[in-house]
Amino acid sequence: MTTFAAQTWYLGLRAWRRFYRVPANPLSVVLYPLIQLFVFSQLFKDIVQLPGFAASGNGGGSYLAYLAPGQIAFTVFFAVSWSGSSLLYDYRNGMLDKLRATPVGRYAILAGELVPLFLECMIMAGAILVLSLLLGARIETGIPGAIGILLLSGAFGVAWAGTSFVPALLTKNEQATGTLSILFFPVAFMSTAFVPVALMPDWLKLVNDWNPITFVIEAMRALMTVGFEWDVIGRAIVAIVILGLVLHSVTLWAFRRLTA
Amino acid sequence: MSVAAAPTASAPAATVEVEDLVKVYPGGTRAVDGISFSVGRGEFLGLLGPNGAGKTTTIKILATLLRPTSGRARVAGLDVTHDPAAVRRRIGFATQAVTIDQMATGRENLSLIGHLHGMSGHELRSRVEELLELMGLTDVARKLAGTYSGGMRRRLDLASALVHQPEVLFLDEPTEGLDPQSRLVLWEELVRVNQAGTTMVLTTHYMEEADRLCERLAIIDHGKIVVEGSPASLKRTIGAETVSLRLVPTARMALLEGATDLAAIRSKIAERLRDLDTVSAIEDTDEGIRLSVRSAGEVAPEILRRIDLDGVRVYGLTMDTPSLDDVFLHHTGHRIRAEEADQVIPMGW
Numbered sequence: 010m011t012t013f014a015a016q017t018w019y020l021g022l023r024a025w026r027r028f029y030r031v032p033a034n035p036l037s038v039v040l041y042p043l044i045q046l047f048v049f050s051q052l053f054k055d056i057v058q059l060p061g062f063a064a065s066g067n068g069g070g071s072y073l074a075y076l077a078p079g080q081i082a083f084t085v086f087f088a089v090s091w092s093g094s095s096l097l098y099d100y101r102n103g104m105l106d107k108l109r110a111t112p113v114g115r116y117a118i119l120a121g122e123l124v125p126l127f128l129e130c131m132i133m134a135g136a137i138l139v140l141s142l143l144l145g146a147r148i149e150t151g152i153p154g155a156i157g158i159l160l161l162s163g164a165f166g167v168a169w170a171g172t173s174f175v176p177a178l179l180t181k182n183e184q185a186t187g188t189l190s191i192l193f194f195p196v197a198f199m200s201t202a203f204v205p206v207a208l209m210p211d212w213l214k215l216v217n218d219w220n221p222i223t224f225v226i227e228a229m230r231a232l233m234t235v236g237f238e239w240d241v242i243g244r245a246i247v248a249i250v251i252l253g254l255v256l257h258s259v260t261l262w263a264f265r266r267l268t269a
Numbered sequence: 019m020s021v022a023a024a025p026t027a028s029a030p031a032a033t034v035e036v037e038d039l040v041k042v043y044p045g046g047t048r049a050v051d052g053i054s055f056s057v058g059r060g061e062f063l064g065l066l067g068p069n070g071a072g073k074t075t076t077i078k079i080l081a082t083l084l085r086p087t088s089g090r091a092r093v094a095g096l097d098v099t100h101d102p103a104a105v106r107r108r109i110g111f112a113t114q115a116v117t118i119d120q121m122a123t124g125r126e127n128l129s130l131i132g133h134l135h136g137m138s139g140h141e142l143r144s145r146v147e148e149l150l151e152l153m154g155l156t157d158v159a160r161k162l163a164g165t166y167s168g169g170m171r172r173r174l175d176l177a178s179a180l181v182h183q184p185e186v187l188f189l190d191e192p193t194e195g196l197d198p199q200s201r202l203v204l205w206e207e208l209v210r211v212n213q214a215g216t217t218m219v220l221t222t223h224y225m226e227e228a229d230r231l232c233e234r235l236a237i238i239d240h241g242k243i244v245v246e247g248s249p250a251s252l253k254r255t256i257g258a259e260t261v262s263l264r265l266v267p268t269a270r271m272a273l274l275e276g277a278t279d280l281a282a283i284r285s286k287i288a289e290r291l292r293d294l295d296t297v298s299a300i301e302d303t304d305e306g307i308r309l310s311v312r313s314a315g316e317v318a319p320e321i322l323r324r325i326d327l328d329g330v331r332v333y334g335l336t337m338d339t340p341s342l343d344d345v346f347l348h349h350t351g352h353r354i355r356a357e358e359a360d361q362v363i364p365m366g367w
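Taken in sequence, the protein lines are chains D and U. Per the working numbering, residue 10 is the first one in the first sequence, and the count goes up by one each step. Per the working numbering, residue 19 is the first one in the second sequence, and the count goes up by one each step.
If you're looking for bench data, these hints aren't it; they were derived computationally from the structure. For glycine and all other residues, C-beta sits at the position ideal for the given N, C-alpha and C. Among these hints, one or two may not hold up.
Stated by the list, open to error - Now the in silico label distances, taken between C-beta atoms and shown as ranges: (1) U:Arg160 x D:Tyr116: 29 to 35 Å; (2) D:Asp240 x U:Gly136: 40 to 46 Å; (3) U:Glu141 x D:Pro35: 31 to 37 Å; (4) U:His140 x D:Tyr29: 24 to 30 Å; (5) U:Glu141 x D:Gly145: 51 to 57 Å.
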């Protein structure tokens, strides 16, 4: 286990350096969430006026506080959608073979790739939180809650990464990886990222009883607008763990298949 | 014709032992078709053959990256199929393509591989500096590897396979795509590494590389070992070396009746060399005489000494040895063509 942790650390360090040393990467990771939050908060500003919205008791009337957690989930989707490609790059240029000829566990190679993703997700979530504070929103749970939101977004990104890694490993093609991971985006659209369940048609309500994204968003939203609602937060953690176990089992299977 | 050498029965000195190895890829390609060989401790073995002969597949099996379909391979006494993790701790592997992290510095590249082998602290730092020095990369150690020249990348790649001081180094086409100058530098490096005690297994389709680096060669074609032996012995098996003496100042002179008494000179020489047992045959050429000998370089001075006679003047001496190209042609019926192998990337769905 200590070997696994050490190998993940060193491979993660490598993957992180590879990410931040291309200036465009850190730049867009900070800029994108800011633009997204700003635009959407203007676009949907008046949605709080809808009777159903207020009735569901969300956000204390501030759409920004309601919106921010959903935007975080959205940026995580974007970060994940490009995360599988770097593994393909290593596969194609032989780096993967070189790593596999060292005493590195296969899963450490995958875990190393997740390190920059975890950090990216936290940075994007952080950017959104900072901008919402500047625009007047409040985080009810203060700094501990903000840290909780960052950790949830990072953990969710790591779990959700399977949706990019599996297409990458199966298609062995960067473009197909990108296009296939777009197919997962509707899961986010169908969540409560923009609109509370109360305003949704019945079939979407049903979807959201099972939508893991919704569980994660609701937990972050609770931390932002209500307080430490442990049952909501607990549901999100369970959703992330189950999602992670399922997606990463498939990822590991695909990885073994690639490197058999 | 196939002289696939019998595996030396569990010779304790063998660092690599391969027995009847077969690899059939999904789809039915029989890339490796029952090959056996062994490599002694500290030896430098070359697998020579054209692209697609099964060299890379073989070396990938030995480096634990591919599972054999059948047969056995042991590296440093450990079975590559049953104990891959232990094998990986004892080997270094330099892939066909240069595999360095371009977004990391030279030093970071080496440190990463060291860390993955469980090295750390002072031990790792001093080893990294030592290798940078050895490969002439100290000055650029802080620069991103993406900025390196082709030769520097290759040397960094080689260094990264050596960080943990492996017992065996596997090299898959190590100088592919290098310019002649950089190739020579790398060759010197490889010989030095071997001299320091590392067992080396190299694949190549460059005759010159096989000839200059390897103590022993296994020539592979269509997944089988066709013939095995030292470069010199392989060449000897297909024909003698020759020493040709030119006994007239110009070829034209030989045509001028009476200008030289070539026949008389020839017989004088034949007389003098008759009891030299390294000379197996003497034949006439237009300009002089050709001797079939066992080892041209060694015997040439002796020949010159013996024929240092009145009236015999040697205007030119040429030594010829059969090339590995001839050896390959002799055993396979075709020549190695150094065409670029297409890197086949299997498509998913």
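Which numbered hints turn out to be false for this structure? No hint contradicted; all consistent.
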